[in-house]
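Visitor: The lines below spell out each chain.
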Amino acid sequence: MKITEEMVDYVAALSRLALPEEEKADMAARLEQIVSYMDVLNTLDTGGVEPMSHVFPLKNVLREDRVIPSQARAELLAGAPEPDEAAFLVPRTVE
Amino acid sequence: MELYELTALELGACLRRGEVSQEEVCAAARARIAAAQPENNAFLTLAEEIPPAPDLTASPLAGVPMAYKDNLCTRGVRTTCASKILGNFVPPYDAGAVERLSAAGAVPMGKLNMDEFAMGSTSETSFYGPVKNPWDLTRAPGGSSGGAAAAVAAGEIWYAIGSDTGGSIRQPAACCGVTGMKPTYGAVSRYGLIAYASSLDQIGPIARSAADCAAVLDVIRGRDRRDGTSLEAPAGSLLAGLTGDVRGLRIGLPAGCFGDGLDPASRRAVQGAAEVLRARGARVEACELPLADYAVPAYYIIACAEASSNLSRFDGVKYGRRAEHCRDLGELYCKTRTEGFGAEVKRRILLGTFVLSAGYYDAYYKKALQVKALIKDAFDRAFRQFDLLLTPVTPAAPPRLGESLGDPLRMYLSDVYTVPVNLAGLPALSMPCGFDGQGLPIGAQLIGPALGDAAVLNAAHAFQLETGYHKKRPKGGTAP
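Protein chains in written order, with my numbering: chain W, 52 to 146; chain X, 12 to 491.
Don't take every hint at face value.
[Said to hold, decoys possible] Reference excerpt, derived from the structure (chain X facing chain W, CB under 10 angstroms, subset only):
| # | residue |
| --- | --- |
| 1 | Cys298 |
| 2 | Leu302 |
| 3 | Cys345 |
| 4 | Val382 |
| 5 | Leu437 |
[As the list claims (entries may be wrong)] Below, simulated DMTMM-like cross-link-like pairs (lysine to aspartate or glutamate); rule was C-alpha separation at most 25 angstroms, straight line:
| # | chain 1 | residue 1 | chain 2 | residue 2 |
| --- | --- | --- | --- | --- |
| 6 | X | Lys329 | W | Glu115 |
| 7 | X | Lys95 | X | Glu296 |
| 8 | X | Lys387 | W | Asp96 |
| 9 | W | Lys53 | W | Glu101 |
| 10 | X | Lys346 | W | Glu57 |
In short, the hints are calculated from the structure, not lab data. Built from N, CA and C at the ideal position, the CB exists for glycine as well.
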């Protein structure tokens, strides 16, 4: 399958990544090589096979909704690039 | 005999008998690390404080120096995932496995180098420089837990905790001549393990022997309410269950794993391991394991898809490094991620986003999940006839540094023997079983059915009772 630079731009935008112009052609070529290899799966008939997301038959179970202590706010904020006393700060998002 | 030549269990016993003091043991580890680190770059962070002497009755491993792969969160100790984007992140909590080991008297010496976000098979994608193989410093140690395997091989620590998503414990263990075990999916809580592909990731030990691995797993396995996929540990100790008795055990050698793609020295060594087990009474036979050729593409589709989702949390807001001079939130996300992730991580995020994107989801992601079901089914059928399977771990000796960096597909293909196990959630162990013509270690992989961890460890233990490969040490400049 052909991977174009436009497709690379599209998935990069979805991924919140911005590749420099000089890297796009190489990334497209690498992805094309890998995706073409993945196309080998098309030689396998999977008609009627249920897709398996988890190897063990896990079921959702309900538990009592209890409040238990989580991390201390100050400890969590201490690792942030730009916190104040109560929150993570980011550039203005609403005019 | 030098302290570093002991196994973790032997050193633990020496400590309990008072034959060596905690200070002497820690000093010996520090001296080994100081000598080896400039050569192999196995550590990213060294513990600064001398830990308080642990209660030596807490576990058979109490007091034994060890280290964690740097994708396990350690309270108060920098955790980087070998990525620029995490910067000097200091977690405010310990991973579940770290909590259990602390309670068992583990003595952590630091955090171990790895492929960035565990994405790689050579430990060369680390932002902090590649790890080098103690057996040949011009070669990679395997990956992604390359720092863990190299540090154990070089005698810097007695065991390490790694993670295995597609072979990341077993493959470096094979490349460095040590023993590594990926337990059944769910055996060890993933709480505090920085996620790569959550449905495949599993924590496990890298050590000098199968017995050491059993002792570590006895400590770290079990249910943790903070990981909904974690399982209750089966009753009984894995260590106590090591009888070395493999009489009547049915071991299958999948014929497809011994084909043309395998280095002849590896074929001889792994078949030799089968003979050793046969001589101890196991019934070894060739078998079929179909679909193995489809495991690598299915694995990379699923792993990259999950990675593209998991790594969306690295946005420069809550922790880690943030790009400077951003005018709005979109630019902050984009610039932080573009500056913070390395080439291989970006490639996998883009691949994962692609296989999940509209128009390609059915052809790639859904298809891969169907192939996963077929691969699990193939293992289920094999385990109706056999108790364990024995295969190679890698197709060839570890590559020279730099050799595979420019060719990601070639690197992915080297995972052919290890990724099917993760897709099926099975326990598997890599044990040293010989050396190639250049003196590089070769590993053999024992695979068990789900929850068959004890049988895997016992067969490896039986092999190690008969052989000395796991006791061999690399020569090199690391003598104290």
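Visitor: Against each hint, give a clear statement of whether it holds in the structure.
Guide: Verification of the hints:
no. : hint                : verdict
1   : Cys298              : 21 angstroms, violated
2   : Leu302              : 8 angstroms, holds
3   : Cys345              : 5 angstroms, holds
4   : Val382              : 6 angstroms, holds
5   : Leu437              : 8 angstroms, holds
6   : X:Lys329 x W:Glu115 : 30 angstroms, violated
7   : X:Lys95 x X:Glu296  : 48 angstroms, violated
8   : X:Lys387 x W:Asp96  : 16 angstroms, holds
9   : W:Lys53 x W:Glu101  : 29 angstroms, violated
10  : X:Lys346 x W:Glu57  : 20 angstroms, holds
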